[in-house]
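The whole structure should be built from the sequences, with the hints applied where relevant.
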Amino acid sequence: MTNERILAVCRSNWEYRGIDDASVREMLEELSAHLEDAEAAGRTPQDVVGDDVKAFAAAWARARAPLSRRIARMAAMALFVVGAVLLVRHLVTWSLTLSVGADDLAFWAVIATFTVVWEIRRGGLGLGRSWLVALAVGLPVAILTRVLGGDEILFSLPLWVAPLLLLPGLPYAVADGRARKSAPAEVN
Amino acid sequence: MTKELPDAVGQRHSQLLRGVLDICLLALIAERPRYGFEFTQALADSGLDLVREGSIYPLLSRLERGGLISSYRAPSGSGGAPRKYYRLTEAGCAELDGGRVAWHGFAGAVSGLLAETGADTDAHTDADTTSTGKSTS
Chain A
1 MTNERILAVC RSNWEYRGID DASVREMLEE LSAHLEDAEA AGRTPQDVVG
51 DDVKAFAAAW ARARAPLSRR IARMAAMALF VVGAVLLVRH LVTWSLTLSV
101 GADDLAFWAV IATFTVVWEI RRGGLGLGRS WLVALAVGLP VAILTRVLGG
151 DEILFSLPLW VAPLLLLPGL PYAVADGRAR KSAPAEVN
Chain B
189 MTKELPDAVG QRHSQLLRGV LDICLLALIA ERPRYGFEFT QALADSGLDL
239 VREGSIYPLL SRLERGGLIS SYRAPSGSGG APRKYYRLTE AGCAELDGGR
289 VAWHGFAGAV SGLLAETGAD TDAHTDADTT STGKSTS
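Residue numbers (the numbering used here), protein chains in the order written: chain A, 1 to 188; chain B, 189 to 325.
Think of the hints as simulated: they come from the structure by calculation, not from any bench. All clues stand as given, with none of them false.
Covered, in the sense of this in silico footprint (three residues per stretch, anywhere, with C-beta under 8 Å from a C-beta of chain B), are these stretches of chain A:
(1) 24 to 31
(2) 50 to 63
Away from chain A, derived, C-beta distances all over 12 Å, residues of chain B:
(3) 196
(4) 200
(5) 201
(6) 203
(7) 208
(8) 234
(9) 236
(10) 278
(11) 279
(12) 283
(13) 285
(14) 294
(15) 295
Cβ atoms here follow ideal geometry from the backbone N, Cα and C, with glycine treated the same way.
Shown next, in the form of structure tokens:
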């Protein structure tokens, strides 16, 4: 396994385990430097991370942040994404209430499932791929749901729900944004 | 830094090192601030080979989370990108002192036990050999 592949596996593992962006960058920089030093000293990447890279990454993630903190972050960030989506819909439709139908739920459920599965296996999806997933996977499922189930409205959401959902994830999002800005250079 | 050791000896060596690796890392940082790769080099120079060099990182993270060490970024002597150096905190100094006392007590007790039972085993083995020799002669 090459150094680049090891760093990619570790990155995706740490991201899906809910390690914050700043920590992921710091850990990648540290591991990358070690791999380079080891290579210069004539040792293999396996001498550094062993045969099971995922187990190595998981052990480091567990040591870096306790499970309770990682779960709290993941839950807050999931709510943040839902809140952001609702807010955008409020702005686009310019209304104080959003009507949610079965097709809306199917659309977002499919995108969320696809994103989680992808990120567990391959790491961050990125903005471009997210749009592609929405168009290629979410939209057909939403249309199919509307054709099969009709366009009945299941419930309505007032405007205050969106900021309420944004609130818990806001500190994490701000910290991630700051970490991204202050990062000297992209590792891997 | 990963030496080939005979299986049984290597496994015991690895198990023993796992139990005291945190104290070893604290002792190395007490000498001077170090970054990840330097730990593995220093451990190997002391005859303590890690099965997997990267196993120090989860431990360093745990020590940092526990407030026993702190870190800062600085250029390394060998050049290249800045490295993450670890240094000892006051709590880390206290932990290291406690670890030293615990280790010396433990190692002394084990050495004493092994020396005593070693002498007994030698005596038994000699006796067995003698009696076996007698019966076969």
